[in-house]
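**Q** Listed below are the residues making up each chain.
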Amino acid sequence: MNELLRPAASWELQSMIDKIAVHKLPIEVIGHGSLRGMGRPPQPGVVISTASLRGVSLYEPSELVMSARAGTPLLEIEAELAANGQMLAFEPMDLGPATGGPAGAQTIGGVFATNLSGSRRISAGAARDQLLGAVAVNGRGELFKSGGRVMKNVTGYDVARGLTGSWGTLAVLTEVTFKVMPLPESVVTLLYTGLPDDLAVELLTAAMGSPFDVSGAAHIPKRAAARLSHPRLKAMGDSFTAIRLENFVASVGERKGKLKEALKIYGSPFEFGPDESHGFWTDLRYLNIMPFSGDTSLWRISTTPSKAPEIVAAIEKFMPVTAFYDWSGGLVWMEVPAAADAGSADVRRAVAVRGGHATLVRAAADVRQSVDIFEPMRPEIDRLTRGLKSAFDPLHLLNPGRMYAHI
Amino acid sequence: MTLLRLPEPDAGVIGRRGLITDGLARLVGRDCLILDEDGRRAYETDALTAYRRVPLLVVLPRTTEDVSKVLRYCHENKLKVVPRGAGTSLCGGALPGEDTVVVCVSKMNRVLEIDYVNRIARVEAGITNLAISGKAAEKDYFYAPDPSSQLACTLAGNLAMNSGGAHGLKYGVTTNNVLGLKMVLIDGTVAEFGGGHLDAAGYDFLSLIVGSEGQFGIITEATVRILKKAEGARPMLIGFNSSESAGACVSGIIGAGIIPVAIEFMDKPAIHVCEAFAKAGYPLDVEALLIVEVEGSDAEIESLLGRVAAIARKFDPKSIEISKDAEQSAQIWAGRKSAFGAIGRISDYYCMDGTIPLGQLPNVLTQISQICARFGLKVANIFHAGDGNLHPLVLYDANNPEESLNAERAGAEILELCVKVGGCLTGEHGVGIEKRDLMPVQFSPIDLAVQMRIKSVFDPHWLLNSAKVFPLEIGAAAHASEQVA
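Protein chains in written order, with the numbering used here: chain A, 1 to 407; chain D, 1 to 485.
So that you can see chain D by itself, here it is in the shape it has in the complex:
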């Protein structure tokens, strides 16, 4: 896949590499730098592997002060900076350029304080998502947002992308679970936003920073909300003859005032691949499958799943199966969570991340099939039905350049369709480089100008993770006009 243009690197900067290395080594020590080509190559891409650029050099800071020194140096020398966590971005959010300094916070991964009385955890931003819950589990607490990559992805990346997960319907996404941030601005200033209290003072900078894709600063610490685990949780499987029935059933459940912690939808191709891989016990003779999970005590779960089953029966289900025990529950989720890996085993795939209004599901699925058929491609669909987040996985052969291009073209059409039906380009993965050029499909030039001016408030010279989020020409023009002003 190579449809996207990347900016030409600045040969002048590359020529000064030795000087820059010495400058940064004086500030943070040479042991914080990765200089050799093999080492740097490990940072050339993220989970959007079709695009690769070996960065100028990589800095692995140990403290907020290190980050501050590095950014001040880069600001003074007008060097581009790409912040990085674990590099699990699916949209090229951590893709560097040959002339950029990568600042990777993965060594800053300590839990600084867990306050169970006030239900908050203060952590360094390089900690992995799962490690927060792992630590809090000692007292049966957890950190709610659970992106699929939670084993590897860092909180820093979650904050940059406002990551979601399967349980967003009940617990919200990253932005709803963050109370405070410490962020280093591009000139090296260390700024603190919010804190251990529930509402931050003044303008809602937390809202703007979370989801700003590393373009406003480098977050080094965060205070997040932790929650007590529910007494228990159990999923059920409901199979349908059509996606219409499945969608209507989801509406019926929510319309009845039940908010399950998760409602996951899989279409037939997704069901078959996952079942073959994980032996999750999914019904194979259905067109659509819902996994509905509720929480509470055993009695509550029993009663709630009973209600859900009663609603489901109104929508002509082909099968209803309530998980019998913890083992079966684990199997059911193993199937869903292995979906991407399972599909990856049979084919290369391009994972889309649009969001659509639930009522549009049958229509959108039909049109997605048509779009993919037109490009001669197959597709499997996974859908966080509770919150409308749709993940079509477009299957293609990465060794076939023509098919790769077609996958990218089909993907763009699918996302345009999501916007057309009232949804958006990305529900949880972010824009990065991947959806950069599609932004004008969703936003007017003024909508984009409003956003880009905020970028300029934080980063007047557009040094931080530039060439992402906004189409290159539009971004360059906005940046240039800001310089004149």
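Excised from the complex, chain A in its bound form:
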């Protein structure tokens, strides 16, 4: 086990990085470690956890803004927001359980460092879109800030947002400031059954093209639907195409009727009210329908919605897959049989010719060591990526090799 350091203040984190820099030891950066099973395996060295950097430092519900130290548990933040009728609109996903880690152990820093947004991303934006500011320590041991606590801010480069999705390879976040939104007064989910993937995505994109602020658009084909936690859905043995509306009670009622009318050629949906809706979308948010297993690898494919069914069909020619679609088709979660390359060659080819990119979310450690986790980069992007890494972390101390072998 590598040495575990838990700085309780940003100056402490700085001095740790300074000392480690002398020995040029690789640092594995974690929050509570819920995602240690994802990405390339860490190199032996030191582990720095932000878990002791904890607490909400600013919350102004009427300004829709919150600041929290990076190691603050997400559950704590969501509880405080809910107590004020608010939420993180991007519905952060918890990939812990699906990758062999603990459930509910995310930190707010980890949420932004990985930029993993859930179903509401299609209407409310991603984690990156809600981030207003950050304080961080880079691999040079420098404490810096970017952005601030106000909604609109174009003062200097958007470095804070640029750190989202960098998996701790550029800097260790110590504090994040983000936008929050009101919880909707009411929720309804329309569920259509029996649609093949291509028709389902057609329905989902049609719903997104309506003026009714659809806040969730997912298709769960039969095989994946059998794993839904709702007993009735599980028992039906069918596919489900789900559209979520969230708004004031009167609006939800009105919009639901109009949407059903507009989509009537796809059949007649049944409805879930607030409680059942919550259960359904929670299954997606925590990836309950793609649970951890050593027998399968898990891919996350981001593409243009209407291309998604083709991509799934193309991969299915080479291997059995269990997949479902979120973001009206723009996000595909796909389980494939565990193999030496996790099906990488076929998955990447299917995506490359249709546009988008694929991320290997779950695979055995030796596979993650040898197969590209993130989409391989074109030379000009690779050059800029290396440049950015050097600008922030010239000694390659922070999570070296976590995203790409050479970064």
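These are calculated hints, taken from the structure and not from any lab test.
These numbers come from a predicted model, not from an experiment.
Take these hints with a grain of salt, some might be off.
Claimed, not checked - Pairs of lysine-lysine, BS3-like flavour, derived with a Cα cap of 25 Å:
no., chain 1, residue 1, chain 2, residue 2
1, A, 258, D, 378
2, D, 378, D, 420
3, D, 170, A, 258
4, A, 256, D, 107
5, A, 256, D, 78
6, D, 135, D, 170
7, A, 264, A, 222
8, D, 228, A, 258
9, A, 256, D, 139
10, D, 170, A, 264
11, A, 258, D, 107
12, D, 135, D, 107
Once you have looked at the hints, place chain D on chain A.
**A** Positioned in the frame of chain A, the structure of chain D alone reads:
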């Protein structure tokens, strides 16, 4: 206004003008170049008109390949480049130098593809902001960010400055609405970031590039998100006796879980000038006015505006008026949108663009009045209350050099105040040259170093839109140390 120092032009470069002209003409054809002095003079400034420099020459490329050839040439010959869209920057973001090549993308203005199924539009970056919505309107779609200059400003400029608009509270600003970019790097390399999908792979370069003020490369194409128009929209006017009440009302609305598409605030001087100009029907006996707009079906609008009115009544409003019809709605917005023009009719003005936490509004407005009074100047305030973006318009006489200087000094103090209360120097206009020297008020030397290193990753020789964003000395030192490294 001439408080800001501009770098001395390189006489050597100016002396080689003929050679450079021939070199570029060989690459892109002479018809893509503007060489005559009158022609070049059209590019000497932007909407910060106090500063003017006639550029060495202007290139109007037609394709990404043209841009690539021009940048490669400039890189090889160490020529400074200023990217330009429509030149509507309020912060001097497109100001050239006498030794710079201006690359203006305004001829690259085609819609390349609109994909309504996937709700994306691929366009050339020189297209105007409004033209995207104009094209998408054929299917009742629109491109959300709507800066006031949207009729003229280009998407390229919006991308460079991460432009906002009045509807950012609901729809976000430019960075939230861009999925992909094609950008030419300074050495001529054409790089693509993101695409037609919702999250880009690898590092979030889109975040860094949008808002980088033309210092990382020249964007030639973009894929933007388009959205279906709401069924309808309607504004209401709420007048108050004090800015405190107006601010508290905004808090009350948002605290009740209502996110209007726009909440605009105007103080008394702004109300009077706009009303005189646009006859918008604004109440004249109030100290502060809110324009609150919501979207949806008629029934939804009715219900939402009813809720807003009920909240407003708790804050002692002097008047509440819900727009009766489309005509009145248009009039209400015409008043607000004509604000800058209307004020410009009665006086020269210096438009500031700080952002503040909403709770600080009354305090900041009081202090702004005091600052301006100290310099003997009048001020009108317009505020995107939903997102904290404050536009004080400092009135002055441009023909009076002393007053011009005072306006600039008052402006700097106002922005320092915005930072002091927890806000920032610029919410949507950008830093450019205008706020360059104030950057150390908001950022530590290390904060700035972190930013400048990113600049050096994209543009190691600092040829692209240099002398902007960072104070000259700090920028020059960072650039020099990068050269040694």
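**Q** Compare the structure with each hint and give your call.
**A** Verification of the hints:
no.	hint	in the structure
1	A:258 <-> D:378	violated (52 Å)
2	D:378 <-> D:420	holds (22 Å)
3	D:170 <-> A:258	holds (22 Å)
4	A:256 <-> D:107	violated (45 Å)
5	A:256 <-> D:78	violated (60 Å)
6	D:135 <-> D:170	holds (22 Å)
7	A:264 <-> A:222	holds (22 Å)
8	D:228 <-> A:258	holds (15 Å)
9	A:256 <-> D:139	holds (22 Å)
10	D:170 <-> A:264	violated (29 Å)
11	A:258 <-> D:107	violated (43 Å)
12	D:135 <-> D:107	holds (17 Å)
The structure is inconsistent with the numbered hints 1, 4, 5, 10, 11, although it conforms to all the rest.
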